[in-house]
Amino acid sequence: MNKLLIVGTVAFDAIETPFGKTDKILGGAGTFIGLSASYFNLKSAIVSVVGDDFPQEYLDLLTARNIDISGLEVVKGGKTFFWSGRYHNDLNSRDTLVTELNTLADFQPKVPANFRDADVVMLGNLHPLVQSSVLDQMTKQPKLVVLDTMNFWMDCALPELLSVIKRVDVITINDEEARQLSGEYSLVKAAAKIQTMGPKYVVIKKGEHGALLFHNKEIFFAPALPLEEVFDPTGAGDTFAGGFAGFITQSENISFNNMKQAIIQGSNLASFCVERFGTERMQQLKKEEVQERLKQFKALTHFDIEL
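Each residue of the sequence shown is one higher than the one before, starting from 484 at the first, in our numbering.
Careful, some of the hints might be misleading.
[What the hints assert, rightly or not] Just the calculated beta-carbon pair ranges, DEER-fashion: (1) Lys781 x Phe739: 33 to 43 Å; (2) Leu790 x Asn740: 18 to 28 Å; (3) Pro642 x Ile788: 44 to 54 Å; (4) Asp787 x Glu659: 32 to 42 Å; (5) Leu790 x Arg548: 43 to 53 Å; (6) Thr546 x Ser669: 38 to 48 Å; (7) Arg548 x Pro642: 42 to 52 Å.
Hints are computed from structural coordinates only; laboratory data are not their basis.
Every residue gets a Cβ at the ideal spot worked out from N, C-alpha and C, and that includes glycine.
Based on the provided sequences and hints, a complete structural model is requested.
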């Protein structure tokens, strides 16, 4: 069984949207990626850090999904990373209300020995130096390294970010971030510019408008499934990344054509994530539901045309 190594935050979130608000709930990029990837046939591990205020029931939830948490450090007397945000009515923009780094401020990732030969590495959104440190600990070159990042690191750690980007095969960012990183407004030009920085594949996420995959001169577009209700977009991008990386790990195929399917798998899982607050929907999701919605995706995008 192939191995997927996941690096990212395991955290508390407090979220407010036009549909309601939550107290502290389970969140974090690593959590969303791990839960999403658990729907595929693979071995996975999360490398992250929490404080001893992190409930045992959340740890049990991860292990129940066959996620190795030996690389999840629990700091005695420490407090878990906490983020709070308020979404605007369109759910595409938000205000950060609170960010408490806590144990994440001094995080030194430790990759478990049995995952230093992982087939696929998914570097969730963290400081680029942390992402580089994980790659330094690998005992063999992974078949695929996927990196997710954001504009915050472009603003405050660009040299470190460019350094780690050179070492990855796939980068996933949103359209605004692609434009900032490349200095190009056209997403086609932006993707081409980013490919010169190192990644062979560029995935540009456009939220409710789907996702684009670029490789050399080839382009693939996957729509987002139109939903009747969207409660909370927090974690949708990470869920997408987990589905993408999980499918690639399971299939052992890193061709452009297979990545098209991985994009659809990621989009499919992300469509569930937004239906409830935080990780709630992903905790309850059944594999039968995943398969049924894949059929909806196929119906949405399939057509016959005479040429």
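Range agreement (Cβ of Ile788 with Cβ of Pro642, hint 44 to 54 Å): The hinted range 44 to 54 Å holds for Pro642 and Ile788, with Cβ atoms some 48 Å apart.
Range hint compliance [Cβ, Leu790 to Arg548, 43 to 53 Å]: holds (45 Å)
CB-CB spacing for Ser669 and Thr546 relative to the 38 to 48 Å hint: holds (45 Å)
Beta-carbon spacing of Lys781 to Phe739 - inside the hinted bounds 33 to 43 Å or not: The hinted range 33 to 43 Å is violated for Lys781 and Phe739, with Cβ atoms some 19 Å apart.
C-beta pair Arg548, Pro642: status relative to the range 42 to 52 Å that was hinted: The hint (42 to 52 Å, Cβ to Cβ) is violated, given that Arg548 and Pro642 are roughly 37 Å apart.
Status of the given 18 to 28 Å range, CB of Asn740 versus CB of Leu790: holds (20 Å)
Whether the CB-CB distance between Asp787 and Glu659 falls inside 32 to 42 Å: For Glu659 against Asp787, whose Cβ atoms are near 36 Å apart, the range 32 to 42 Å holds.
This entry does not satisfy hints 1, 7, going by the numbered hints stated previously.
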